[in-house]
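Novice: The lines below spell out each chain.
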Amino acid sequence: MRGLRTILLEFQQLSRQFEQGKSICVSGQLIDGTILAIRGVSGSGKSTLLKILARLLRPDSGEVFFMGKNWLTFPPQEWRTRVHYVAQKPVLFEGSVADNLCLPFSLKTIQQERSFNIEEANQFLERVLLPLSILSQPAQTLSGGEAARVSLVRALLLEPQVLLLDEPTAYLDSDSSKALMGLLCDWLREDSRGIIIVSHDPDDLEALPLQVHWLDLESELRHS
Amino acid sequence: MSGYIPISNFQLALSVILVLLTGLISVFLRLDLLKPLLWGTVRAFIQLTLIGYVLTYIFQVNRLWIIIPIILLMSFIASREATRRVRQVPFNPVWASFLSITASTFVVGSIVVVVIISPQPWYSAQVMIPIFGMILGNSMNAIALSLDRMYSEIHAHVDEVEQLLCFGASPWEAVVRYVQKAVSAGMMPTINSLMVVGLVSLPGMMTGQILAGMSPQLAVRYQFVVMIMVAASVAMGCLLIVTLSYKRMFTADEALVESLRKN
Numbered sequence: 171m172r173g174l175r176t177i178l179l180e181f182q183q184l185s186r187q188f189e190q191g192k193s194i195c196v197s198g199q200l201i202d203g204t205i206l207a208i209r210g211v212s213g214s215g216k217s218t219l220l221k222i223l224a225r226l227l228r229p230d231s232g233e234v235f236f237m238g239k240n241w242l243t244f245p246p247q248e249w250r251t252r253v254h255y256v257a258q259k260p261v262l263f264e265g266s267v268a269d270n271l272c273l274p275f276s277l278k279t280i281q282q283e284r285s286f287n288i289e290e291a292n293q294f295l296e297r298v299l300l301p302l303s304i305l306s307q308p309a310q311t312l313s314g315g316e317a318a319r320v321s322l323v324r325a326l327l328l329e330p331q332v333l334l335l336d337e338p339t340a341y342l343d344s345d346s347s348k349a350l351m352g353l354l355c356d357w358l359r360e361d362s363r364g365i366i367i368v369s370h371d372p373d374d375l376e377a378l379p380l381q382v383h384w385l386d387l388e389s390e391l392r393h394s
Numbered sequence: 087m088s089g090y091i092p093i094s095n096f097q098l099a100l101s102v103i104l105v106l107l108t109g110l111i112s113v114f115l116r117l118d119l120l121k122p123l124l125w126g127t128v129r130a131f132i133q134l135t136l137i138g139y140v141l142t143y144i145f146q147v148n149r150l151w152i153i154i155p156i157i158l159l160m161s162f163i164a165s166r167e168a169t170r171r172v173r174q175v176p177f178n179p180v181w182a183s184f185l186s187i188t189a190s191t192f193v194v195g196s197i198v199v200v201v202i203i204s205p206q207p208w209y210s211a212q213v214m215i216p217i218f219g220m221i222l223g224n225s226m227n228a229i230a231l232s233l234d235r236m237y238s239e240i241h242a243h244v245d246e247v248e249q250l251l252c253f254g255a256s257p258w259e260a261v262v263r264y265v266q267k268a269v270s271a272g273m274m275p276t277i278n279s280l281m282v283v284g285l286v287s288l289p290g291m292m293t294g295q296i297l298a299g300m301s302p303q304l305a306v307r308y309q310f311v312v313m314i315m316v317a318a319s320v321a322m323g324c325l326l327i328v329t330l331s332y333k334r335m336f337t338a339d340e341a342l343v344e345s346l347r348k349n
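These protein sequences, in sequence, are chains B and C. Take the first sequence: its position 154, counted from the start at 1, is 324 in our numbering, and no numbers get skipped. Take the second sequence: its position 233, counted from the start at 1, is 319 in our numbering, and no numbers get skipped.
Hints listed in this document are in silico derivations from the structure and should not be mistaken for laboratory results. Heads up, the beta-carbon is just placed ideally off N, CA and C, and yes, glycines get one too. Please note: incorrect hints may appear among the correct ones.
[Said to hold, decoys possible] Straight-line C-alpha distance at most 25 Å; calculated BS3-like pairs for lysine-lysine:
1) K267(C) x K333(C)
2) K278(B) x K348(B)
3) K278(B) x K121(C)
4) K278(B) x K267(C)
5) K192(B) x K278(B)
[Said to hold, decoys possible] One side only, chain C facing chain B, incomplete, derived with CB under 8 Å:
6) D118
7) P207
8) Y209
9) E239
10) E248
11) L251
12) E340
[To be verified] Derived, one-sided and incomplete: chain B residues facing chain C with beta-carbon distance under 8 Å:
13) R186
14) R209
15) L227
16) Q247
17) H254
18) Y255
19) A257
20) I280
21) R284
22) L312
23) G315
24) A317
For reference, chain B alone in the conformation it holds in the complex (with noise of 0.2 Å):
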């Protein structure tokens, strides 16, 4: 069991405008070990949020803190892996599946930290439903589930603090949907780990044996 819980990440009045005159200006913490569920109507900039919270895009205004620390003390390559964001649409590259997996490891930041380590590999397909023999199979034939799931199993790989998920079940069948929250629900004992997720499914998200704080956007969401 955890003690204190501290604040993972911290964001104040962090807004931004976006499409069609529409702005968002919102402030919220993730506590350490627990789900920070972002909800709120199609267009109401869930997703400018996390590309924001993963520096992709630049806020008008606002702050963010890593565990006490202005982001921008932390160099743009250093924040993303730690900070790591995975996008609704899985964006998988030509090769197979092991490519796919293997393909952040070649980069330079992440070759000085830590290399590919493919029990933890297998561990981890294994626990979303997939048979290791998907590691030989071209990553441009797997269907939308799949991956999805191939997509998240490469991000935790990377050993991220914090995962910013723009829908992951979304893609899903019901069992593995149930596998893949089970999994994040096992990565996030570690310590120094939480989650933000957009979800339109705040019933998964509630079954789960984990603290979930909801952050509502259409109250954040103006109009000028």
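Here the structure of chain B is known, so what remains is to put chain C in place on it, guided by the hints.
Specialist: Okay, now just chain C, sitting in the frame of chain B:
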């Protein structure tokens, strides 16, 4: 055959008949090409006539302080042309293009003129201007192809680039596969022409020299030097333009600039 065969004014006018014939066909097929064809013919005639007089003057004066500004002006015009039709560029690429074209042209052109051809004096306008002009023409096309390909590749692969950035990739690591394609695209016409030269076509410069009375063996030597120097300058120009341009696709925070993103 010895010496060149002159073309009289009447013979020159006869060649225009071919353009008129093509124009008539375009009218018949409603291709709307008559006007641009005639305009192109008039422009080509005026430009070539003027440059004929200008070159005659420059060759007579033959001074470095005239030759260098003219080559720089040619480089600038080539840079503008190279970037004029490139779409989806998030910044004005004319200066990057000018730097790439000028640097590659001067490095390769100087080696060819001073070391290989060695005219007297070394800056002979009669050698420098045509040689540098040929390099510029080829570099211009290659740079236009490379730039266009690079930005269209990035536009088509925004998700992949952002995914690589999320893995912790540097901007270079995130775009290197698309940059490689861009350099290949820019160099492909030059490589193709190296492969088929003499088999499918005789290059313009060699044809011109043979028509002007030079022996084919000597014309071939010049042509070989020209093609090698064009390949070298094109490679250098393409590498320079992508190296100078790729960082401008990223913000200070190493994210793709807004205009390249889909949303």
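Novice: Would the stated hint for R209(B) survive a check requiring a Cβ distance to chain C of less than 8 Å?
Specialist: At about 20 Å, which exceeds the 8 Å cut-off, the nearest Cβ of chain C leaves the hint on R209(B) violated.
Novice: Let me know if the C-beta of P207(C) comes in closer than 8 Å to any C-beta of chain B, holds or violated.
Specialist: Since the shortest Cβ distance to chain B is 50 Å, the answer is violated.
Novice: Does L227(B) hold up as a contact with chain C if the rule is Cβ-Cβ below 8 Å?
Specialist: Cβ of L227(B) sits 7 Å from chain C, so the hint holds.
Novice: Once the shortest beta carbon distance from H254(B) to chain C is found, is it less than 8 Å?
Specialist: 6 Å, holds
Novice: Could you check if L312(B) really has its C-beta closer than 8 Å to a C-beta on chain C?
Specialist: 15 Å, violated
Novice: Report holds or violated for the interface hint on Y209(C), using the least CB-CB distance to chain B and a cut-off of 8 Å.
Specialist: Since chain B brings no Cβ nearer than about 46 Å to Y209(C), farther than 8 Å, the hint is violated.
Novice: Given A317(B) as an interface hint, is its Cβ closer than 8 Å to any Cβ of chain C?
Specialist: 12 Å, violated
Novice: Answer holds if the nearest beta-carbon of chain C is closer than 8 Å to that of Y255(B); otherwise answer violated.
Specialist: 5 Å, holds
Novice: Measuring from the C-beta of D118(C) to each C-beta in chain B, is the shortest one below 8 Å?
Specialist: 39 Å, violated
Novice: Tell me if Q247(B) is really an interface residue toward chain C, meaning its C-beta lies closer than 8 Å to one of theirs.
Specialist: 5 Å, holds
Novice: Under 8 Å, Cβ to Cβ, is where E239(C) needs to be relative to chain B, so tell me if that hint holds or is violated.
Specialist: E239(C) check fails; min Cβ-Cβ to chain B is 14 Å, beyond 8 Å.
Novice: Would the hint on I280(B) be counted as holding, given a Cβ-Cβ threshold of 8 Å to chain C?
Specialist: 5 Å, holds
Comparing the model with each numbered hint stated earlier shows that hints 2, 3, 5, 6, 7, 8, 9, 13, 14, 21, 22, 23 and 24 do not hold.
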